[in-house]
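Throw the hints in and build the complete structure from the sequences for me.
Which chain is which? The protein sequence lines are A and B, in order.
All residue numbers for the first sequence refer to the numbering used here, where the first residue is 1 and numbers rise by one.
All residue numbers for the second sequence refer to the numbering used here, where the first residue is 1 and numbers rise by one.
For the record, the hints were derived by calculation from the structure and aren't laboratory data.
Errors might be hidden in some of the hints.
Simulated pairs of lysine-lysine, BS3-like, Cα-Cα distance not exceeding 30 angstroms [what the hints assert, rightly or not]: (1) B:Lys177 <-> A:Lys48; (2) B:Lys30 <-> A:Lys101; (3) A:Lys22 <-> A:Lys8; (4) B:Lys71 <-> B:Lys228; (5) A:Lys87 <-> A:Lys42; (6) B:Lys13 <-> B:Lys177; (7) A:Lys54 <-> B:Lys297; (8) A:Lys87 <-> B:Lys141; (9) A:Lys87 <-> B:Lys160; (10) B:Lys141 <-> A:Lys48; (11) B:Lys348 <-> B:Lys177; (12) B:Lys71 <-> B:Lys3; (13) B:Lys184 <-> A:Lys55; (14) B:Lys160 <-> B:Lys177; (15) B:Lys141 <-> A:Lys54.
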Amino acid sequence: MNFELELKRGNFLLSECNHCKKIVWPPSEFCNQCLGKNSWRKCSNMGKILEFSKKENIYFCVAEIENSIKIIGEIVSGIPKIDQPIKIIDCGIVDNNYFFKIRVLD
Amino acid sequence: MPKVAIVGHGQTKFSKEDLKIESILLHATKNLFDSTSNLSQKDIDAVLVSTNNNSKYLSAVLSEMAGIQPKISHSIESLCNSGTNAIVAAYSYIVSGLAEVVLISGAERYDSPGQILEWDNLRGEFKHPIFWASIFSKSYKRKYSLSDEDLALVSVKNHKQSIHNPNAISQKAVSIKDVLNSKKLTDDLRLLDCSRPCTGGSSILLASENICSTFTDTPIWITGIGQKTTSASFTKNPSFDNMESTIQAAKSAFQMSKQKPSNVDVMEIHDAFSVCEPMALDSMGFSKQGGGIELVKEVYLTENSKINPRGGLIGSGHPLGATGIAQTIEITQQLHSQAGKRQVDHAKVGLVHNMSAAATSSTVLVLEK
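Take a look at the structure:
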């Protein structure tokens with residue numbers, strides 16, 4: 001399974017080590033702990049806000065996903081607060097850049 | 001272990017000029033030759049070029065243009081701390097015995113491709129450095145109850161100090177109000193909180209203890225080196241309110257030099273953005289966690305220029321591959337008591353802090369008379 005091909009289709013996958021059972025991030029074919037082979041699985045897209053700021057009218061945040069990995073995404077719905085639950089509602093690749101659109105959950 | 005000394009240096013003015021990278025390297029190197037006694041091309045065993053420029057084979061190109069035929073010649077790239085990485089490589093060549101005299105030349109153009117780490121897709125659409133700097137600023141302010149005004153003092157201090165640095169891109173003082181009223185890039189960052197990419201070159205000459213007296217009676221010794229790379233991705237920083245790689249690099253450098261923060265008389269800190277200066281001061285043990293800005297206030301109010309005397313990256317400009325070398329030259333000039341109006345009295349021990357890509361990698365050097 002190709003991570004970027006799936007991301008372009010709006011599917012956010014995680015690489016998980018077959019041996020350590022650890023999420024390996026950034027996405028990779030091999031585990032960065034044991035260098036064993038990884039498998040791909042669909043991400044729950046659920047997480048929480050660790051930090052945020054705002055450029056013009058757009059909030060962006062560092063979100064921790066599945067209590068493990070951290071990404072930066074645009075908040076498209078809701079006002080952010082630290083530790084607030086979020087969901088990635090869209091993702092993809094534009095101009096070689098990944099993007100993650102995030103909804104703040106109540 | 002043999003000792004390694006800094007025995008010569010040369011710089012160009014940092015500017016927005018549209019110059020060829022080869023020309024910048026050559027100018028900085030010519031200035032080094034002009035100011036170093038008894039130096040001949042034949043003395044140089046290795047030529048290392050520090051840059052993020054995409055031109056190839058630059059070390060051989062510089063060697064040819066400067067009439068040097070070195071045993072060892074190659075480029076070194078590590079984004080913003082390329083310069084000190086090149087110094088560490090030169091140090092290692094000398095200590096290993098592979099070289100006795102090494103020329104290091106760092107250069108960058110204002111349009112350097114090293115400003116954005118394209119690989120770091122975990123930043124999503126927010127790859128420009130202003131976004132990690134905004135996250136650092138927000139997090140540091142939140143944790144230590146600081147304001148934008150508090151952080152703006154770093155820019156005020158460093159702009160003031162760069163007025164006395166003839167090579168600095170900025171020769172203008174700014175006020176706290178100027179910083180706060182400058183263009184708002186994000187809720188947590190103003191334009192004057194940022195260092196500027198620019199064109200510039202810096203060259204430095206390292207020599208072994210055996211041969212350094214050929215070039216100078218006053219060698220400056222590299223007594224401590226610490227380096228640490230914790231990741232490449234910004235979001236893998238364990239915290240956004242301190243710098244883990246800097247903590248570890250400083251610990252190693254102090255251990256190697258048998259020095260401690262209280263012994264350091266003058267320091268160059270990698271203030272890519274205002275928040276970086278207090279964070280680095282905290283991370284290296286010059287202040288308690290969150291106390292960095294109080295230290296900045298203290299030195300500013302007492303007109304002590306011991307922190308970033310040449311104006312830091314914010315005042316001097318930030319030509320990536322040249323920055324770490326320019327920082328090291330500044331500390332060398334300070335220890336020689338040749339820093340003019342920037343001079344810190346009785347400086348005997350100096351420190352250089354140079355980092356890359358949102359503090360995912362840091363280098364700390366300790367220099368002594």
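Does the structure keep Lys30 of chain B and Lys101 of chain A at a Cα separation of 30 angstroms or less?
violated, 52 angstroms
Sort out whether Lys228 of chain B lies within 30 angstroms of Lys71 of chain B, counting only the CA atoms.
holds, 28 angstroms
Between Lys348 of chain B and Lys177 of chain B, is the straight-line Cα distance small enough, at 30 angstroms or below?
violated, 36 angstroms
Lys22 of chain A paired with Lys8 of chain A [C-alpha distance capped at 30 angstroms]
It holds: about 24 angstroms lies between the C-alpha atoms, which stays within 30 angstroms.
Under the criterion that the straight-line Cα-Cα distance not exceed 30 angstroms, is the pair Lys177 of chain B, Lys48 of chain A satisfied?
Violated, at about 36 angstroms.
Can you confirm whether the C-alpha distance between Lys13 of chain B and Lys177 of chain B stays at or below 30 angstroms?
holds, 28 angstroms
Regarding the pair Lys141 of chain B and Lys48 of chain A, is the alpha-carbon distance no greater than 30 angstroms?
holds, 20 angstroms
Would the hint linking Lys141 of chain B and Lys54 of chain A be met if the CA-CA limit is 30 angstroms?
Roughly 15 angstroms separates the two Cα atoms, so the pair holds.
Please work out if Lys87 of chain A and Lys42 of chain A have their alpha carbons no farther apart than 30 angstroms.
Holds, at about 14 angstroms.
Tell me if the straight-line CA distance from Lys87 of chain A to Lys160 of chain B falls inside 30 angstroms.
This hinted pair is violated, its Cα atoms lying about 46 angstroms apart.
Is Lys87 of chain A within 30 angstroms of Lys141 of chain B, Cα to Cα?
Since the Cα atoms of Lys87 of chain A and Lys141 of chain B sit roughly 26 angstroms apart, the hinted pair holds (cutoff 30 angstroms).
Lys160 of chain B paired with Lys177 of chain B [C-alpha distance capped at 30 angstroms]
holds, 14 angstroms
The earlier numbered hints that this structure contradicts are 1, 2, 9 and 11.
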